[in-house]
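Chains as they are written, first to last, in the working numbering: chain A, 1 to 715; chain B, 716 to 898; chain C, 899 to 1006.
It is worth saying that the hints were derived from the structure and are not from the lab.
You may find that some hints are simply not true.
[Claimed, not checked] Selected chain B positions facing chain A (in silico; Cβ < 8 Å):
(1) T764
(2) M767
(3) V772
(4) F792
Just so it is clear, the structure is predicted and the values come from calculations on it, not from any experiment.
Each residue gets a CB set at the ideal place from its N, CA and C atoms; glycine is no exception.
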Amino acid sequence: MNNESALALFFEEAFEQSNLLESLLLSLDMQPEGNAEDLSAMFRSAHTIKGSAGLFALDGLIAFTHVMENVLDRMRNGELAIDKPLVGLLLACNDHLRHMLAHYRSEPAAPFPEDAEHRRLLTALEAHTQFAPTAVASAAPCPVAPENTESGNWHLFLRYHPDLFQHGFDPASFLRYLGKHGSIVHIHTHLEMPDRLQDFDPTTCRLSNELALRSQASAAEIAAAFEFIQDDSEIDILPPASDYDAFAALAARYGGSPETHLARWREAGYLPSAAPTAPPVQSPTPPVEVAIVQNVPQEKRRSADRIEGSRFIRIEAAKLDALINRVGELVISTASSRMRAKQTADSDMIQAVEVLSQLVEGIRDDALNLRMVPISEIFNRFPRMVHDVSARLGKEIELDLVGADTEIDKSMIEKLTDPLMHIVRNAIDHGIEDAASRLAQGKPARGLLRLKAYHDTGAIVVDISDDGRGMNKAAILAKAQERGLLPEGRQLSDQEIYKLIFLPGFSTAEQVSDISGRGVGMDVVRRNIDALRGEIEILSTAGQGSTLRIRLPLTLAIIDGFHVEVGGSSLVLPLDMMAECMDMPSQQISRETRQIWLRDTWIPYVSLRELFSLPPCDGPEYVVVAQFGQTTAGIIVDRLIGDIQAVIKPLGSLFRSLRGVSGSTIMGNGRLALILDIPQLIQLALKREDRLVEQRQASLTEHSIALANSTTRTI
Amino acid sequence: MSMHENGRVPGNDAGEGVAHCVTFILGDEMFAISIHHIREIIEYEEITTVPMMPVFVRGIINLRGAVVPVVDLSARFGRPLSEIKPGTCIAILSIEGNDAFSLLGILLDGVREVVEIPLDAIEPAPSFGTRLRSEFIQGITTVAGRFVILLDVQKALSVNELSELADEVSRAHWSDALAGETQ
Amino acid sequence: MLEADIESPLRIEGQEATLTLQGDLTIFTVDALKDDVFLALNCPRIRVSLDAVNDIDSCGLQLLLVLARQAQDIGRDFALSKSHPEADALLALYGLDLPVLAAEGGAP
């Protein structure tokens, strides 16, 4: 790896560490008692950044993180009381740290300009690093004092030189000496067994020791025990309260697997009790997984386990795309081999190709999975945002993140972040009431904001719910009226009223706040979600809160499809939106209103022949019953062919306005087939239905007006 | 790539004073296109029709994994659709768009040949006498005694203009479909 | 040297090997004892008597430890016939122990 890419990696990791630090600080803010594990992890974040910065000689960064690290170290050791101001200071320092990282990323060689903020933060930090007898020391006994008594112990690792005995030394004498300066609370003696007893020279020393010593002695006094052997033997002495990293470094220097050593030391109680279960250097902790769980302890446990179990590799996105493209080609050529094999009617060949295509299917799934990332990549930004915004508004809000593990296509992450930010900001600003009015309504003073992600029939759904005042229909209507946004003379459904807030320039905030009341935002949200081919639904109960539900397609490059034909052309329907197929009924159908009777209800349908301006079919037709969200519609086709794997190929700019078609795919015979956009087709069917109803009403009205007119005339 | 800027004539092979062009017949007229725009010429293969598009968009083909739209030049020029005959082929053109080159296929009745046209034999587009919008014409000349129109491919097949035309048609079609049966 | 002074400490009776160590069990004697000590591994049951041992150092202890470990690894029954204060102290210092038969000396 060249220095440039190493540096790029450093920044990426440093930002990750910083994100992790932030999320831990925020959870500390929620539960000031903290826990030893988190406190230790915070310390390590700063420590890791400092250590890596050292490799690149980013001196300003080293100096700053050093002071942060000292404060975090004292917090971890229970020497500092943790309170909101301290957490606030560290959050500010972490922000500043990011500024510094951004600076060094653009200009690694230029020293960071130490501005007033830099100096202010340093001064404030340094006030916390001193064992000052004044203000800092008066802090209450620390509630987070680590429970590990081991932290008061010295840890000695003695690997004796094989010639130790022959040189006239006996480890026993060192141990006895140590016994005089304290008490050995634990000792482990390792005997390195000879490979072959015949070759065993009994005068060589095959012993080694690891021990914990409780002692008031100085480092020098302890080291003195080994004065005569330290040149030949390997003597490592870790002073009391050595951090996990020190043990990890030692374990790495030992032969064999560092994990084995660490596990042994953990068992012996040598490791700080706050130590993670895996060395952080080995598994870069994705900040998201910690950040998402701030109020969900059981999830926290689970994701902590996951961190331990997973190892990560960074891959350039372009390489991944290339792989996925290639897998796409593989799927296509497998389909074509499969077709050819069937034509040969050679059953062995068919069997072999069948096995092959199953394997390819597996590879397809694996490859696509590579692009899926947990939605926590977005969710992890919210704790800080909610913290800041609610602090600014003086509201107390609990953020609950559910389903952060839900996976979503990486390409959607960026496009979804801004809309979610807007919605959450809006919920805090407009949705959740201030503590006083909440208490007056008998609600808990602290508002609840929940982000929940889950999969639902081929879609990703994200719910943003609050337990605030709910949508005020009257206020929305009044505002829409005032702004001239209301369609004339139409009774709007609840859903339609709620959706007025997505109109450009709409704002219901009586007092325009600097958070979200500028009347921009929700229309942008709508646009962004549209661009993702998503849908927004609003559920709301006055006084109890609202939920904004965003439903997004999975947007995978390869889909399971169903092959149909219309007018001799092949078409593909996404399988996951198909409910069933049936013969076109001859009886229970209303061709005039484009509806068919499905078991117990009329559903609208779209005839593809009609849509594509083809002459009516002279043979039998079939209905594909398609489902999207809560809606169902029929799609009329000429022929049903069967399942197919479709690699989605975009159609290009010439077809940008084409609706009802989402792309194309290459069939086994090399020809292209169009992939139908079922949501748009269903929408077409529904809108047509609406319009039909409207026009009927209109013609009725016209009719009665005409009647009224004629009546007037006769009078 | 920048041959349009340095002169009126495409296919100007450096210093030779000739334009290399492919001639073909469309209806009863002969046209020429600079070979610099032509990526390849393939045999006619079945085209997948795309509904709700202008008539001049014949559909899409699979060119080694890429989806390439095929345009009927005759229909583009407001004439009847080309008939598919045994000699019909598809020329794959590379057209400069806003930020990238896009591939576009055109149906050809039959490819004549690649000819060298001396630059000084090319006349400017006449303002009358052809049934074509004059901005589509790069120039006119005669090849073997026959009148030949040199097409300005960049203008005649402008990705922007074609897309706008397609937008109109597909939108109109969709709203027709919406209104559909209520009329 | 010292070898001559020490008569073979190993006695084998049926299934049992008894190592009766005497005098010093130290860096100075381990070389001489080694072969006999490991010969005991041929028997299913190995008993070591330290009663007559005056001095034991870490090197001597190491020899016992290697024997005990190897016995365990190959499925031999290894035990000290009786505890020995000095050996016990040394074992304790290292946080180790070795199996010791009951004071009566009778195997169950």
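We went through each hint and held it up to the structure:
1. T764: This interface hint holds because 6 Å falls under the 8 Å limit.
2. M767: The hint holds - B/M767 has a Cβ within 8 Å of chain A, the shortest such distance being about 6 Å.
3. V772: holds, 7 Å
4. F792: violated, 17 Å
Checked against the numbered hints listed earlier, the structure breaks hint 4 alone; every other hint is satisfied.
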